[in-house]
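Undergrad: Generate the whole structure from the sequences, applying the supplied hints.
Those sequence lines, one after another, are chains A, B, C and D. Residues in the first sequence are numbered from 1 upward in steps of one, following our numbering. Residues in the second sequence are numbered from 1 upward in steps of one, following our numbering. Residues in the third sequence are numbered from 1 upward in steps of one, following our numbering. Residues in the fourth sequence are numbered from 1 upward in steps of one, following our numbering.
By construction, these hints were calculated from the structure, which means they are not laboratory data. Here a beta-carbon is modelled for each residue, glycine too, at the ideal position from N, C-alpha and C. Hints should not be assumed to be uniformly reliable.
[To be verified] Beta-carbon label-pair distances, calculated as ranges:
id	chain 1	residue 1	chain 2	residue 2	range
1	C	H137	D	Q43	55 to 61 Å
2	B	Q45	D	T9	35 to 41 Å
3	C	Y68	A	K40	39 to 45 Å
4	A	H62	C	K5	33 to 39 Å
5	D	E117	C	S66	28 to 34 Å
6	C	D65	A	K34	26 to 32 Å
7	D	T9	B	S32	37 to 43 Å
8	C	I87	D	T9	30 to 36 Å
9	D	A24	C	S66	29 to 35 Å
10	D	P54	C	P54	53 to 59 Å
11	B	D57	C	D8	50 to 56 Å
[Claimed, not checked] Partner residues aside, some chain C positions facing chain A, computed with beta carbon under 7 Å:
id	residue
12	K58
13	L115
14	V134
15	S135
[Claimed, not checked] In silico lysine-lysine, DSBU-like type, Cα no more than 35 Å apart, as pairs:
id	chain 1	residue 1	chain 2	residue 2
16	C	K124	A	K2
17	C	K40	A	K34
18	C	K40	C	K128
19	A	K2	C	K116
20	B	K2	D	K58
21	A	K12	A	K40
22	B	K34	D	K124
23	B	K2	B	K12
24	A	K2	C	K62
25	C	K128	C	K116
26	B	K66	B	K2
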Amino acid sequence: MKINLIAFGIAKEIINTPECILEVTNPCSIGSLKQILMEKYEEFQKIQSIKFAINEDYQEDHFLLKEGDEVVIIPPVSGG
Amino acid sequence: MKINLIAFGIAKEIINTPECILEVTNPCSIGSLKQILMEKYEEFQKIQSIKFAINEDYQEDHFLLKEGDEVVIIPPVSGG
Amino acid sequence: MRDIKILDTPLNTQSCHDAVEDPAAGGIVVFVGLVRNQTKSRQVVRLAFESYVPMALKEMDKIADSLYEKWGILHVCIHHRIGVLDIGDIPVVIALSTPHRQAAFEACQYAIDTLKETVPIWKKEIFKDGAVWVSAHP
Amino acid sequence: MRDIKILDTPLNTQSCHDAVEDPAAGGIVVFVGLVRNQTKSRQVVRLAFESYVPMALKEMDKIADSLYEKWGILHVCIHHRIGVLDIGDIPVVIALSTPHRQAAFEACQYAIDTLKETVPIWKKEIFKDGAVWVSAHP
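TA: Structural data, given as structure tokens:
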């Protein structure tokens, strides 16, 4: 299935685009997506922690993605 | 000896003047002055705590006054 | 009243202060973040902030919810700026009012601490000889 | 820089904030006291503040000394107003800047707590049917 991947901050630099479509096998949890990204882009392994948001809310590893979901990669935040 | 007594806040209302000259026997400590005031103006006994300042600094009960000192009665402060 | 915004124009401390005034308020505490000229003794030239805006507003709203629930605040104003900022510029202002001052200090500190942990905003420090996304690496 | 004043004119939050800005500052915390419309659920009409001014300035200066020594602040501005104040008026503003924000919160809270304990300023609450000097009676 296809998901829309959106990236900010250092994640945007690592995947080299603010937005792309990623093909993953169904079912796919956030935990699995994290593994996929770590393998595809080794630099993610150097990041302190990566979180994911679906529909503008943080979701945990066990969360299951569905076709067309907008998945936002949230590298460590540093506002303020 | 004579001392200059200056009063603020409720102390000013109790002695009914912002400033007066008081005759006390020498030696006279702040502790003694406090007793004198408590007897002369009974309302001081109802005040939570009274402090005294000489030369713009708080002084304790054992501090000895001298002729002409400016003694300021400091009732509980409530700035801010 | 809650006034929560992400802006790409300079922030104004006074207007954040004014937004939380109330006849029942005994105190207002304002926290103003500033762009420092150095970080770990390395000279900073400027900063660039970016944000996932809709989610950032949602997370800031959750912070405001906690302020009302835990500290009984009267009003809160949280403004965060994005874009390129110079030394001395203001990336964030948090102002809030409470009947008693102790709650205002605690609530304001909670607000900025939590903002820095949960709100999707990212800061890039730009040095003379490079740039880094803050907190990205251990 | 320390800017310590007792004024009989309205206080200005923004100018206190501006007084403590610094390129090395990471944060500014501002505490603004306000005249509340009630005290222990009794309706307040207005307040009157008086001060033993030279000593009050001296005590505020001691507070500033502690802020530099204990919290390594960069700058502090303490303005206190005297005279007659209406509801919503500002009796006190304390602004200070530090390299890191935690110290700014702690220092500002220490400053207002200590001011309320040691600085010779007195507040009279004026009600519809009388007036009392605050804290005078247990």
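Undergrad: Falls inside 53 to 59 Å, the C-beta gap from D:P54 to C:P54?
TA: With Cβ atoms ~56 Å apart, the hint holds.
Undergrad: Check the hint pairing B:K2 with B:K12 against an upper bound of 35 Å on the C-alpha distance.
TA: 19 Å, holds
Undergrad: Hold the hint about C:S135 up to the distance rule: shortest CB distance to chain A must be less than 7 Å.
TA: Interface hint status for C:S135: holds (4 Å vs cutoff 7 Å).
Undergrad: In this structure, is the beta-carbon distance linking C:D65 and A:K34 contained in 26 to 32 Å?
TA: 29 Å, holds
Undergrad: Does B:K2 lie within 35 Å of B:K66 when you go C-alpha to C-alpha?
TA: 8 Å, holds
Undergrad: Assess, step by step, whether the Cα of B:K2 is no farther than 35 Å from the Cα of D:K58, and give holds or violated.
TA: 26 Å, holds
Undergrad: When you take the CB atoms of C:Y68 and A:K40, is the distance between them in 39 to 45 Å?
TA: Hint holds: Cβ distance 43 Å, inside 39 to 45 Å.
Undergrad: Against the 35 Å threshold, does the CA-CA distance of A:K2 and C:K62 hold or violate the hint?
TA: Holds. A:K2 to C:K62 sits at ~31 Å (cutoff 35 Å).
Undergrad: Against the range 33 to 39 Å, how does the distance between the Cβ atoms of A:H62 and C:K5 compare: consistent or not?
TA: 34 Å, holds
Undergrad: Against chain A, is C:K58 within 7 Å by beta-carbon distance?
TA: 5 Å, holds
Undergrad: Quick one, are A:K12 and A:K40 close enough, alpha carbons at most 35 Å?
TA: It holds: about 14 Å lies between the C-alpha atoms, which stays within 35 Å.
Undergrad: Falls inside 37 to 43 Å, the C-beta gap from D:T9 to B:S32?
TA: Distance hint for D:T9, B:S32 holds at roughly 41 Å.
Going through the hint list in order, the structure satisfies each hint without exception.
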